[in-house]
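S.K.: As a plain string of letters, each chain reads:
There are 2 protein chains.
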Amino acid sequence: MNNNAQEIATQFVQHYYTTFDTNRSQLAGLYRDTSALTFETSQVAGVASIVEKLTSLPFERLQHRTSSVEAQPVAGGSAILILVTGQLLVDQESNPLSFAQAFTLAQDASGQWYVANDIFKLVYA
Amino acid sequence: MNNNAQEIATQFVQHYYTTFDTNRSQLAGLYRDTSALTFETSQVAGVASIVEKLTSLPFERLQHRTSSVEAQPVAGGSAILILVTGQLLVDQESNPLSFAQAFTLAQDASGQWYVANDIFKLVYA
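Residue numbers (full-length UniProt numbering), protein chains in the order written: chain A, 1 to 125; chain B, 1 to 125.
Because the hints were derived from the structure by calculation, they are not lab data.
On a predicted model such as this, the values are computed, not experimentally measured, just so you know.
Some clues are possibly wrong.
Same chains, same names: a pair is fine if it fits in one copy or spans any two.
Listed next, the in silico SDA-like pairs over lysine to any residue satisfying Cα-Cα at most 25 Å (straight line) [what the hints assert, rightly or not]:
| # | residue 1 | residue 2 |
| --- | --- | --- |
| 1 | Lys53 | Gly77 |
| 2 | Lys53 | Val69 |
| 3 | Lys53 | Phe120 |
| 4 | Lys53 | Ser25 |
| 5 | Lys53 | Gln6 |
| 6 | Lys53 | Gly76 |
| 7 | Lys53 | Gln63 |
| 8 | Lys53 | Asn4 |
| 9 | Lys53 | Ala75 |
| 10 | Lys53 | Leu89 |
| 11 | Lys53 | Gln26 |
| 12 | Lys53 | Pro73 |
Just chain A, with the same shape it has in the complex:
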């Protein structure tokens, strides 16, 4: 199960940041109405509010570079915990920012994994 969780997490993370960095509004498909997002200190819940928050972030171009992706099954495998660390390149800035992001993924009735919990924080040295 650990290997399976890691595999699902790795695929999810790649898809998530590719979508984030190319077309943020498409992230809607990865959340559900029970999902929660903490972005820095802002908390929002539900697909519409989450997508509004993510698409209104005040930068034009973003590039996430992941340094590590660690995953564990939660509650016997019904969910997955992921901790990502990495760097964020914003607009024309040449100095990347470090970030950490924790997700829990859950499965909907059709078996599709979605983001149940999402906490994003910049990490300052």
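Place chain B on chain A using the hints.
M.R.: Frame of chain A, contents of chain B only:
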């Protein structure tokens, strides 16, 4: 529920790092046999293996300084997701290391919160 999760998380995190920095073997009381720990790239499970891992880390003195503690209820409130960011002072080193740590807390039959999942990563700028 968000406020309650945040309150439980804040108290837990304070207790966890105080115990970690003063007497690591006492962390045993915060895990259960179903708990999982990822420390950097090592994965261990169960109280005995987790405590063995934590007490055998090759440093004498540690000080965790938390910069942020963000929490969300998981799965309707049966569990709590926590993302901590902070800095770690090791032994005589004067330059702190940045870290991120994700926990899920669950409640045992007696209602006590324990660490179900724990992922610790150093964050490099």
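S.K.: Hint by hint, note whether the structure agrees.
M.R.: Hint check results:
1. Lys53 x Gly77: For Lys53 and Gly77, only the inter-copy Cα distance (23 Å) is at most 25 Å; the intra-copy one is 30 Å.
2. Lys53 x Val69: Answer is both; intra-copy 24 Å and inter-copy 20 Å each pass.
3. Lys53 x Phe120: within (12 Å within a copy, 28 Å between copies)
4. Lys53 x Ser25: Answer is within: at 10 Å inside a copy they meet the 25 Å cutoff, but 42 Å across does not.
5. Lys53 x Gln6: Between copies only: 21 Å across chains, 28 Å inside a chain, cut-off 25 Å.
6. Lys53 x Gly76: This pair counts as between: shortest inter-copy Cα distance 22 Å, intra-copy 32 Å.
7. Lys53 x Gln63: For Lys53 and Gln63, only the intra-copy Cα distance (18 Å) is at most 25 Å; the inter-copy one is 35 Å.
8. Lys53 x Asn4: Between copies only: 23 Å across chains, 31 Å inside a chain, cut-off 25 Å.
9. Lys53 x Ala75: Classified as between: cross-chain Cα gap 22 Å, same-chain 29 Å, threshold 25 Å.
10. Lys53 x Leu89: within (19 Å within a copy, 35 Å between copies)
11. Lys53 x Gln26: within (13 Å within a copy, 41 Å between copies)
12. Lys53 x Pro73: Classified as between: cross-chain Cα gap 20 Å, same-chain 28 Å, threshold 25 Å.
Hint check: no violations occur; every hint is consistent with the structure.
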